[in-house]
Amino acid sequence: MLQKLILATNLFSRANLLKQLSVPFEELFCKIEEKDVEIDNEYSPYEWVKSISATKAMSVLGRVEGEAIILGADTVVTDFGRILHRPKNKQDAVAMLKKLQGRKHTTYTGLTVIYHHADGSYEMDSYVDGVDVYMHHLSDKLIDAYTDTDEPYDRPGGYSISGKGALLIENIYGDYYTLAGLPLRLLNKSLLKHNIDIIDFWIKPQ
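So the mapping is simple: my numbering equals the position in the sequence shown, first residue as 1, plus 34.
All clues stand as given, with none of them false.
Cross-link-like lysine-lysine pairs, in silico, DSS-like; alpha carbons within 25 Å at most:
{"hint": "1", "residue 1": "K122", "residue 2": "K175"}
{"hint": "2", "residue 1": "K223", "residue 2": "K38"}
{"hint": "3", "residue 1": "K198", "residue 2": "K133"}
{"hint": "4", "residue 1": "K198", "residue 2": "K124"}
{"hint": "5", "residue 1": "K132", "residue 2": "K198"}
{"hint": "6", "residue 1": "K175", "residue 2": "K124"}
{"hint": "7", "residue 1": "K175", "residue 2": "K198"}
{"hint": "8", "residue 1": "K132", "residue 2": "K122"}
{"hint": "9", "residue 1": "K198", "residue 2": "K122"}
{"hint": "10", "residue 1": "K53", "residue 2": "K223"}
{"hint": "11", "residue 1": "K53", "residue 2": "K198"}
{"hint": "12", "residue 1": "K132", "residue 2": "K175"}
{"hint": "13", "residue 1": "K53", "residue 2": "K38"}
{"hint": "14", "residue 1": "K198", "residue 2": "K138"}
{"hint": "15", "residue 1": "K65", "residue 2": "K122"}
{"hint": "16", "residue 1": "K133", "residue 2": "K122"}
{"hint": "17", "residue 1": "K124", "residue 2": "K138"}
{"hint": "18", "residue 1": "K65", "residue 2": "K124"}
{"hint": "19", "residue 1": "K227", "residue 2": "K38"}
{"hint": "20", "residue 1": "K175", "residue 2": "K133"}
{"hint": "21", "residue 1": "K53", "residue 2": "K227"}
{"hint": "22", "residue 1": "K138", "residue 2": "K122"}
{"hint": "23", "residue 1": "K138", "residue 2": "K175"}
{"hint": "24", "residue 1": "K65", "residue 2": "K53"}
{"hint": "25", "residue 1": "K38", "residue 2": "K65"}
Across the chosen pairs, the derived CB separations fall in these ranges:
{"hint": "26", "residue 1": "H119", "residue 2": "F235", "range": "33 to 43 Å"}
{"hint": "27", "residue 1": "D234", "residue 2": "G208", "range": "23 to 33 Å"}
{"hint": "28", "residue 1": "M158", "residue 2": "K138", "range": "25 to 35 Å"}
{"hint": "29", "residue 1": "D231", "residue 2": "F114", "range": "34 to 44 Å"}
{"hint": "30", "residue 1": "H151", "residue 2": "E204", "range": "41 to 51 Å"}
{"hint": "31", "residue 1": "L36", "residue 2": "K124", "range": "35 to 45 Å"}
{"hint": "32", "residue 1": "E99", "residue 2": "N205", "range": "39 to 49 Å"}
{"hint": "33", "residue 1": "K198", "residue 2": "N123", "range": "17 to 27 Å"}
{"hint": "34", "residue 1": "I233", "residue 2": "K124", "range": "42 to 52 Å"}
{"hint": "35", "residue 1": "G115", "residue 2": "A200", "range": "21 to 31 Å"}
{"hint": "36", "residue 1": "E157", "residue 2": "F59", "range": "16 to 26 Å"}
Hints in this document: simulated from the structure, not taken from any laboratory.
Fair warning: this is a prediction, and the values are worked out from it, not measured in the lab.
Where a beta carbon is used, it is the ideal one built from N, C-alpha and C, also for glycine.
Let the hints inform the model, and build the full structure from the sequences given.
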C-alpha cells in the first residue's frame with residue numbers, strides 16, 4: 035500500500051500532474067535558490083536536474099515524520115547543450131523564444147524519490163529523462179502576446195507546454211510528462227521497484 039506521498043515543490047503545475055494518478059498526496063513548499071546549489075558539473079543538464087531534484091526532496095526531509103515517500107523534480111531547457119533558465123524579464127523571454135523558434139531543443143527533467151522509513155532512515159532513487167521539442171516559427175505578435183502573460187517567467191526556456199505555451203510547440207519526441215515537469219512513468223517505475231502499486235487505489239473494495 036502506498037505510504038504518505040509528499041511532493042516537495044514550488045511549482046503549482048506539478049501538483050496538477052500528480053493529481054492525474056488519483057492518489058492522495060500533500061505538498062510541502064521548498065524554495066531552492068538554484069544558483070546556490072553545488073553541482074558536480076553545472077554545465078551538464080543531466081547533472082543539473084539530478085542534483086536540483088535531490089536538493090528539493092532533501093530540503094523537506096526534516097519536516098517529515100513516519101513512513102513517507104517524498105518527490106522532488108527539476109526541469110531545464112537546453113539549447114545546443116546550454117541551459118536556459120527562467121527569463122528575468124520580458125526582453126529576456128522574447129530573446130529566448132526567438133532563439134528557440136523554428137527548430138529543435140531538448141528538455142531534461144530529474145526526478146528524485148525518497149523512501150523515508152519509520153526509524154528515520156531512508157532510501158533514494160534518482161532518474162533523469164530527456165525529450166526533444168520542436169517549436170513552431172513564431173510571429174512577433176504571438177511572442178509579444180505570450181510574453182505579456184505571467185506564464186514564461188516561472189518556466190525554464192520561457193514557456194510551459196501545459197499552459198498557453200502549448201500553442202508554441204509543433205512536435206515532441208519523448209515523454210510529454212518529462213516536458214511538463216513530472217515524469218509519471220518514472221515515478222511508477224520507482225514505486226513498483228519498492229513493491230508499491232498505484233493501481234491499488236483504483237480498485238474498489240468488494
